[in-house]
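Protein chains: 2
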Amino acid sequence: MLKVPDHQVAGHRAVGGQLGPLVDDSGRFYKPLQSEERGDTEVAFYKSFSSNTEIPAHIRQFFPVFYGTRTIEASDGSGPQPHLVMEDLVAGHVNPSVMDIKMGSRTWDPEASEKYIEKCLGKDRNSTSISLGFRISGLKVYQNNEAGFWQPDKKVVYSFNADGVRSALRKFVSSNLSLDPNADADCSYASTVYAHQGGILAQLLQLKEWFEVQTSYHFYSCSILFFYDRESALDGRAHPRVKLVDFAHVMDGCGVIDHNFLGGLCSLIKFIRDIVDEDNKCAKCDVKLGYEKTLKENGLCKSNTEAESSC
Amino acid sequence: MLKVPDHQVAGHRAVGGQLGPLVDDSGRFYKPLQSEERGDTEVAFYKSFSSNTEIPAHIRQFFPVFYGTRTIEASDGSGPQPHLVMEDLVAGHVNPSVMDIKMGSRTWDPEASEKYIEKCLGKDRNSTSISLGFRISGLKVYQNNEAGFWQPDKKVVYSFNADGVRSALRKFVSSNLSLDPNADADCSYASTVYAHQGGILAQLLQLKEWFEVQTSYHFYSCSILFFYDRESALDGRAHPRVKLVDFAHVMDGCGVIDHNFLGGLCSLIKFIRDIVDEDNKCAKCDVKLGYEKTLKENGLCKSNTEAESSC
Chain E
3 MLKVPDHQVA
13 GHRAVGGQLG
23 PLVDDSGRFY
33 KPLQSEERGD
43 TEVAFYKSFS
53 SNTEIPAHIR
63 QFFPVFYGTR
73 TIEASDGSGP
83 QPHLVMEDLV
93 AGHVNPSVMD
103 IKMGSRTWDP
113 EASEKYIEKC
123 LGKDRNSTSI
133 SLGFRISGLK
143 VYQNNEAGFW
153 QPDKKVVYSF
163 NADGVRSALR
173 KFVSSNLSLD
183 PNADADCSYA
193 STVYAHQGGI
203 LAQLLQLKEW
213 FEVQTSYHFY
223 SCSILFFYDR
233 ESALDGRAHP
243 RVKLVDFAHV
253 MDGCGVIDHN
263 FLGGLCSLIK
273 FIRDIVDEDN
283 KCAKCDVKLG
293 YEKTLKENGL
303 CKSNTEAESS
313 C
Chain Y
3 MLKVPDHQVA
13 GHRAVGGQLG
23 PLVDDSGRFY
33 KPLQSEERGD
43 TEVAFYKSFS
53 SNTEIPAHIR
63 QFFPVFYGTR
73 TIEASDGSGP
83 QPHLVMEDLV
93 AGHVNPSVMD
103 IKMGSRTWDP
113 EASEKYIEKC
123 LGKDRNSTSI
133 SLGFRISGLK
143 VYQNNEAGFW
153 QPDKKVVYSF
163 NADGVRSALR
173 KFVSSNLSLD
183 PNADADCSYA
193 STVYAHQGGI
203 LAQLLQLKEW
213 FEVQTSYHFY
223 SCSILFFYDR
233 ESALDGRAHP
243 RVKLVDFAHV
253 MDGCGVIDHN
263 FLGGLCSLIK
273 FIRDIVDEDN
283 KCAKCDVKLG
293 YEKTLKENGL
303 CKSNTEAESS
313 C
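Sequences listed follow chains E and Y, in order.
Using the working numbering, read the first sequence as starting at 3 and increasing by one per residue.
Using the working numbering, read the second sequence as starting at 3 and increasing by one per residue.
Derived from the structure by calculation, the hints contain no laboratory data.
Mixed in with the good hints there might be a few duds.
[To be verified] So the derived list for chain E, only partly shown, Cβ under 8 Å to chain Y, looks like this:
no.: 1; residue: F65
no.: 2; residue: C256
no.: 3; residue: G265
no.: 4; residue: G266
no.: 5; residue: K272
Computed from a prediction, not measured in an experiment: that's the story for all the values here.
Positions of the beta carbon are idealized from the N, C-alpha and C atoms, including for glycine.
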């Protein structure tokens, strides 16, 4: 039984006779192959990556599992359409908070057509891609049963400047959005979602280490997904996840690191580290304790009396 | 007594009535202020950087010392011209081998004029800036007294692709250029110049650590200089140096890291690390020992019997 995914925050959807992505109830995600080589490029990447024995296991976990391709008949009778079949990343999550971040200050590869480069460069300059090395493509933040999700309109997200991005990354881990959307985000889940051992910051640092040496792929226009369950965040078991998606423009790295993705990744890490540091002040003297301290104290610096007692 | 510098490999020079850079015999370098705000931007950067108390001492050493500005009368009578006065980096070096590397896949800042952006983007796409995140702007490699310097023409340097860059970085630390310029570069100084403790790789890694957190400046179109004395390299005292120069397009970082410079820096580090790793194979089994091993063994892995005895 195929249905439209509940938690997609960016990317292609069903329009007119064109099928959008679908999910089944066994945890698989069906993505229609994109037109103009892009679908073929994405399938080729998944095949290459799946069989690449040089990918360390702790890096492989950042990528969706690939299950091949499948032809699906559209219900409107427009004929069979090829789909890429992969892991449904948010399967089993009831109300996941999700953020989609398109990586790189440049979303075009050097071999693309002039027309495509011009189009991408325009988008990169009109968003934060050029200035920050990444842009938020979409997000939804679960608040509670009454208020549901905070999910700003695509146009609002697209118009974010650096402050807008900073604010969205703070709201993604805050509990006070539903009362007053203009209130200062309280970042009450920053320690469990971002700073915790195995949290988003730790996962991004693992990815960064790999991007510093991997020269197999250049991930143009690829996204990083963040997601976590707020209900579990309340009792410290948020299990936040970082995943890479959208490989329709992945190119052969030809022995050179992906400095475009890596630069954006370092910038994103700095944004999140700033939130963690801000959140992680000593309760006595207001001095920032820093991320390393947070990790050392198992992500719970505020309650750590040893750290505070040194003030 | 002012004279034309001997070891400049890139950048502006004297043309027509326009003064080029000059040096004196007390170790100072006089750079004519560039036109169209660029001169003012560079002076403003040096003033800001000199008085910025947040710059750690080990980072300050990567920048030329700034001595203010001075007006110098051109000998051709074209009138007084303002100059920036800074440390002559290669003062005291008799035959320095020098490489100038323009950093960043993007040499334009987002606030520049459309015309300037178009010009820079064209140069970035026609060089390795886009593909590698940096491009070599010039180099000279001292061979010996008879052969003098190997200094490829500007046009040759400008046309380097990734292989050309790799080859130039190898030749920069090789001793067999004078016999046959097409021979495989022997990289016989790679361990003393690149891999040694305090060598170029270690200095680049220090810089990288700073660029991962500094949000004060964005260094568009800035260069990294490498230089060392070959004669001293022969007995292991090469004292290779890494310096940043050319700040005519430095912008306020506005709280965001310089992901453009950092991405290129990571890419450059990978190129040099590859040369070090290649050079640093176990003499018994040909297995690459890696840079960490090199550093651990004080840059002399090949002769280290302990490392080899484990094969």
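Which numbered hints turn out to be false for this structure? 1
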